[in-house]
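Undergrad: Here is how the chains run, residue by residue.
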Amino acid sequence: AQSVTQPDIHITVSEGASLELRCNYSYGATPYLFWYVQSPGQGLQLLLKYFSGDTLVQGIKGFEAEFKRSQSSFNLRKPSVHWSDAAEYFCAVAPSGYSTLTFGKGTMLLVSP
Amino acid sequence: GAGVSQSPSNKVTEKGKDVELRCDPISGHTALYWYRQSLGQGLEFLIYFQGNSAPDKSGLPSDRFSAERTGGSVSTLTIQRTQQEDSAVYLCASSSRVTGGNEQFFGPGTRLTVL
Chain A
1 AQSVTQPDIH
11 ITVSEGASLE
21 LRCNYSYGAT
31 PYLFWYVQSP
41 GQGLQLLLKY
51 FSGDTLVQGI
61 KGFEAEFKRS
71 QSSFNLRKPS
81 VHWSDAAEYF
91 CAVAPSGYST
101 LTFGKGTMLL
111 VSP
Chain B
1 GAGVSQSPSN
11 KVTEKGKDVE
21 LRCDPISGHT
31 ALYWYRQSLG
41 QGLEFLIYFQ
51 GNSAPDKSGL
61 PSDRFSAERT
71 GGSVSTLTIQ
81 RTQQEDSAVY
91 LCASSSRVTG
101 GNEQFFGPGT
111 RLTVL
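First to last, the protein sequences are chains A and B.
Sequential numbering from 1 applies to the first sequence in our numbering.
Sequential numbering from 1 applies to the second sequence in our numbering.
Check the hints yourself; a few may be wrong.
Said to hold, decoys possible - Quick list of in silico lysine-lysine cross-link-like pairs, DSSO-like style, CA-CA up to 27 Å:
(1) B:LYS17 with B:LYS57
(2) A:LYS49 with A:LYS68
(3) A:LYS105 with A:LYS61
(4) B:LYS57 with A:LYS105
(5) A:LYS49 with A:LYS105
(6) A:LYS49 with B:LYS57
(7) B:LYS11 with A:LYS105
(8) A:LYS68 with A:LYS105
(9) B:LYS57 with B:LYS11
These are computed hints drawn from the structure, not numbers from a lab.
Please read all numbers here as calculations on a predicted model, not as lab measurements.
Take these sequences, add in the hints, and give me the full structure.
TA: Below you can see the structure in the form of structure tokens.
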């Protein structure tokens with residue numbers, strides 16, 4: 001069965017600083033990979049997804065993620081964090097294009113002034 | 001167009017009561033998913049409907065949980081004889097094979113509190 005590990009429960013970043021959120025997955029083949037963001041009291045919003053092709057994917061709100069097969073990782077990055085980015089971020093994996101998602105436990109991002 | 005909607009947004013019930021949670025997916029989306037989000041367990045898959053196929057119920061935690069999807073659209077998740085451990089946010093999502101890639105669109109969730 002697939003699994004997702006987000007090793008950081010909380011991360012605090014200064015506004016304007018760069019951000020990297022880590023995600024490692026366990027799956028036999030190349031899965032479909034996703035990053036979602038959840039603001040307080042809100043549902044989940046898709047930031048970006050990877051299925052195949054270019055291993056660096058661009059998403060909304062200035063986020064990008066890089067798929068590294070050798071490391072089974074799909075880390076999320078942003079060059080300059082804004083206060084509005086404070087939220088919880090979830091990495092997710094699916095074995096195919098039409099199946100349920102397995103989520104990591106999430107990383108709470110706090111942005112300091 | 002309208003996104004995924006869920007009702008009620010909050011539900012408080014007493015232990016042992018039955019509850020029904022409703023999900024209206026995005027029009028035309030053939031796939032519908034229910035997830036549960038709780039502090040201890042994170043986000044867990046519950047059940048998945050795809051078109052007219054038999055639903056994937058492999059994530060339902062007990063036989064007190066059931067769901068149906070009428071007319072390929074609206075879905076209702078029913079929890080019978082609620083227990084305190086059922087307290088969580090229940091999220092619904094839908095996706096379309098037309099757009100492909102299993103991009104799931106989530107509703108705002110129903111926060112269930114069992115007293």
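Undergrad: Is the Cα-Cα distance between LYS49 (chain A) and LYS105 (chain A) 27 Å or less?
TA: Roughly 18 Å between the alpha carbons, so the hint for LYS49 (chain A) and LYS105 (chain A) holds.
Undergrad: Taking only the CA atoms, is the gap from LYS17 (chain B) to LYS57 (chain B) under or equal to 27 Å?
TA: With a Cα-Cα distance of about 22 Å, the restraint between LYS17 (chain B) and LYS57 (chain B) holds, given a limit of 27 Å.
Undergrad: Taken at face value, is the distance from the CA of LYS68 (chain A) to the CA of LYS49 (chain A) at most 27 Å?
TA: holds, 14 Å
Undergrad: Check the hint pairing LYS57 (chain B) with LYS105 (chain A) against an upper bound of 27 Å on the C-alpha distance.
TA: Distance ~22 Å between LYS57 (chain B) and LYS105 (chain A) Cα, so the pair holds.
Undergrad: Between the alpha carbons of LYS68 (chain A) and LYS105 (chain A), is the straight-line distance 27 Å or under?
TA: holds, 20 Å
Undergrad: Between LYS49 (chain A) and LYS57 (chain B), does the CA-CA distance stay at or below 27 Å?
TA: Measuring from Cα to Cα gives roughly 25 Å; hence the hint holds.
Undergrad: Is LYS57 (chain B) within 27 Å of LYS11 (chain B), Cα to Cα?
TA: holds, 23 Å
Undergrad: Are LYS105 (chain A) and LYS61 (chain A) close enough, with their CA atoms no more than 27 Å apart?
TA: Given pair LYS105 (chain A), LYS61 (chain A) holds - Cα atoms ~22 Å apart, limit 27 Å.
Undergrad: Measure nothing beyond the straight line between the CA atoms of LYS11 (chain B) and LYS105 (chain A); if it is 27 Å or shorter, mark the hint as holding.
TA: Within the cut-off at roughly 24 Å; holds.
Checked against the numbered hints listed earlier, the structure breaks none of them; every hint is satisfied.
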